[in-house]
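This is what each chain is made of:
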Amino acid sequence: MKRRSVLLGGAALALTGLTSVGRGPAQAADTTAGRLSIWLGYGETAPAFKAALPAFKALYPNVEVELLSFDLHEYEAKLSVAVPTGNGPDILTLHDYIFPHYYDGDALDDVPADLAKVVDDPKIIDPVFKDVCSRDGKPWGVPWWKGSRAFFYNVDHFKEAGLDGPPKTLKEMWDYSEKLTKKAPDGTITRAGITLRLTEGSGGLQKFSDHYYASTGHQILEAGPKPGTVRVTLKDKDNLEAGTKLLLDYVAHLHGPKKVDDWALKHDTQGFANGLASMLFREDWAVAFIRKNGPDVKFATAPLPRDKAWGNFHLVEILSVNKTSKMKKPAWDLIRLLQEQQYLDIVLQQSGWVPLRMDRDFSAFLSKNPEYKAFLEPTPGYQAYLEPPNVAYVEATARTGDVILAGFRDASLLDNPEGAKAVLFKAYDTAANILKRSGIFAP
Amino acid sequence: MSDVILPPQPSSLPARLARGWARMKRNHIGFVICALGPVLALFVVIRIYPIAETIRLSFYDYHITRRSNPFVGLGNYAYLFEDGPFHEALVNTILFSMLAVVATLLLALACAILLRSIEKAAPIYELLFYIPVVTPWVPASVIWKWIFDPTFGALNYALSFFGVARLGWLQDPTLILFALVAVSVWKMVGYFVVIFGVGLRAIPEELLEAADLDGATAWRKLTRIVLPLMRPIILFSVVTCTIINFNVFAPVYVLTASSQGAPAYDFKVLVGEIYSNGFVYYHMGYAGAQCVVLLLFVMSLLIVQFLAFREKK
Amino acid sequence: MAGVSIRKVVKVYEGKFQAVKAIDLEVAEDEFVVLVGPSGCGKSTTLRMVAGLEEISAGEIWIGDKLVNDVLPRERDIAMVFQNYALYPHMSVYDNMAFGLQQRKYPREEIQKRVQHAAGILDITALLDRKPKALSGGQRQRVAMGRAIVRNPKVFLFDEPLSNLDAKLRVQMRTEIKKLHQTIATTTLYVTHDQVEAMTLADRVVVMNAGRIEQVGAPQELYHHPATRFVAGFIGSPAMNFLPVDLYDDGGLKLRLADGIVLPVPAARVDRYGPYKGKAMTLGLRPENLTEIHDVERPGVTRIEAPIDVVEPMGSEILLHFFIDGKPLCARIAPDCVVTHGERFALAADLNQMHLIDDESGRVV
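Residue numbers (my numbering), protein chains in the order written: chain E, 5 to 447; chain L, 82 to 394; chain R, 2 to 366.
Just so you know, these hints were derived from the structure itself, not from any lab.
Be aware that one or more of the hints could be misleading.
Unchecked claim - Sample of chain L residues facing chain R (criterion: CB under 10 Å; computed from the structure):
{"no.": "1", "residue": "E207"}
{"no.": "2", "residue": "L209"}
{"no.": "3", "residue": "L281"}
{"no.": "4", "residue": "P285"}
{"no.": "5", "residue": "L288"}
{"no.": "6", "residue": "A292"}
{"no.": "7", "residue": "L294"}
{"no.": "8", "residue": "G296"}
{"no.": "9", "residue": "T298"}
{"no.": "10", "residue": "R301"}
{"no.": "11", "residue": "R305"}
{"no.": "12", "residue": "P309"}
{"no.": "13", "residue": "R312"}
For every residue, glycine included, the Cβ atom is placed at its ideal position computed from N, Cα and C.
So here's chain E without its partners, still in its complex pose (with noise of 0.2 Å):
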């Protein structure tokens, strides 16, 4: 979806700014003129920034603010053409997997010296999310938010199938999946035991290396010995007996008697919301979606499933300041703005999203949407993991990720070990070759 806000600093601003005019000098405003701009790929946190802008209007009277929100891969194609040759933004809201372009690209402003103090306290910022922001111990932005998957069900499809709780483990869930589906007599499926992600490349990946996380603790690039490089992980000997039991287990339950789901039903969080599908697993922003989308749908969240492993794939969306930014000061104190608890709320109501820091307290958030318990509650035994931070990351994945998606499609690897294994060793070829052309595989 494509939302586009202008905010014209116009008439409201003037105003506030006429008001503050009749302050008194304890507040002493800077008489910086000029435009800040701010884009951004996650629309649904434009809210945030909004709330903010009168505070900031106080600061800075004179800087008109433009917030531009763009769909994600449009936002990431514009600014990576518009950052390297001095147009882009004043803030950038860096997804973690293209925080190394503009890091590498050299885009990057330095961190002041308050804010980078609280980027490498461990008790506001978890390391893990400082690490993939930071080279050489050095921090290059803010994290802002976090999202992570969890497992949704359909609390009415369960209670109906005489399943007491959300699968524990990887298992279960393909058991509970097989007793949830619903088919027609003619053999369609009427509804998905679960909706698995069955197309475009990137997602595909990821959702797949959920289930791979779990069945090996290991994710399929992870990050190599040296920073910005990456390995790849599916011929570690484990690793590969795993992901190809993983892999047929896959193709068992799209094509034969296990069949739980089909590529021409109606997929992912719309399925889910429309009750087509019995289980889920997606990001935050999906709860608010189904509460709109399917509003009589009662569903839960819980933990991803285990196996060998259990942890939760992680994004992170890091605020950082443009280097050619001729509104440096007012960036960084619009970005110090928004580490406060109002504002912080802001995003986790309007989007899902959950705030790093913290020494923040989202209780009230969370008894007031239950929804978001797997989201906010820390489980302990849960491991968190991000994305090896690099420049190939999207090349690769979605590289990658085909090609696992068209072995799910490839009904002759049912029970065929081999063919199976044929398939992983073609994903390792393929996402080692991206990295090399990129110089960053680590064997």
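Model the placement of chains L and R on the given structure of chain E, informed by the hints.
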């Protein structure tokens, strides 16, 4: 030259301007340069320069966000041979083009011939057929995405009356090819109906009457008189249709976009690959190399078609 | 070879306009019949109905002993030569001529034999490899005829084939067509608006006007004994002279012209014209019957004088144009006469050759 003594000419500014203008008008070339200059300059900036720059960049490892972009000679072109998705896209695009061109032109020819027999009402039908041609690609593709939707789409609904089970038009790797061809045919057929209509009308009625008397059946008249006389128009149509379909992007992008509830098979086409490599993976140089390949491919197709349809001396 | 029989054929367009109004015509086997008339008289339409290119609204058309109303053009075994030649521009002359035979699945040797034979007759053998656009008008017309000849059809149809040629070529081609008919005698139906072509080519001429047949007959018959005013004025060049006259009896049947000139009716015609005394009539006299005065006076020849308006020396004769009572007249006099414009000239009107037309019916009495 004869000794003609001219009266002294006034040297005020308006007079000088007027003289200059008159001289320029006489000096034809100068006028042409002034008139066409701005347009040509625009053309160079918008068309020639970007194309030349793309070709130049194809010899570099040009990454959008990196500072250094080393020269790699034919490195990008060498990678084309290893790039599996590129081969897939090439095969897909060729298949798609062939099917779309044949389907579009056959259908257009059949319609044009049928419309000849209702000459009076023909313009109305030509107008109706032309409406898809002027509809923008993206909104049209979005509508087709809904028509093809497996659960709520009009096509599966209509087929269900004939007992046909739910088909994943955009999900099945084979069906999506035909779905895309259908969209392309729907979009372009009107244009060629009009063009073929013009070609058919240009054939004198007398020739067909003479053929009638010579004993030619309707089929023979078509194959031995009408089509040979329409050769230049058919050539033009094949060339145009091929180029348009080879460059297909918008409908593929929209129809295969895996939005939330409507996942689709990722049908790769050449321009789609160029877009992905350039704007999603940021390998601009490599995307440039793919552009050059596309250019060469289309040009060779054109040459082949011209040779095939050339007048045999 | 077969004859063509047109019985009460009508052609109506859009339910309103009658282009052909119930005509009857019998064309004998191997006969050369010319349909002639002004534009829009229905001659081409009739021809096209015989060819099958136009639907017959009513009536019957027979070719030989077969009723062909519902028979497709390609099954009628006829060949047509079009005004614009209708040669296939993308085929060579040889292919143009061979096309009809190829459609009927003749063996290649047979086709070659026939094409070579026809090309020989028409003297176009050297042109067989050329395309129509490399030929002159006359050559193209011959190829069109060749295409018709190779088919050996039952009937030849010609639709104003010489209209697109220049005058000299037209005369030449006329002769060739005549010679062709003598060589390959086939039933021929020929349409033209040029009465000279009709007169020179036809065994019989059919004069048509406004969708009806005015008269059918041998050329000489039509020339000397036209049945209607239309035929009288259409056939012959320069056209017949017409003058409105009063027929009265004043001690003998006399014709009075408007400006007082009185012409006596020849004795041989008195009985014939007698019943029409007092009716409004028109006198018709061909220009060759208005000559200079000879020495010998013959019965039926009367003297007329009039001021000369235009003198046209033709070489073999002189055409004089003058007015009587405001009506234009034409006379043919010997080439050695001395005439000047404006001078009153004395002419001899040979009333033995006169035609008297009843204005009411338009018929020659």
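(request) Quick one: which hint numbers does this structure break? Sort them smallest to largest. (result) When the structure is compared with the hints, numbers 1, 2, 3 turn out to be violated.
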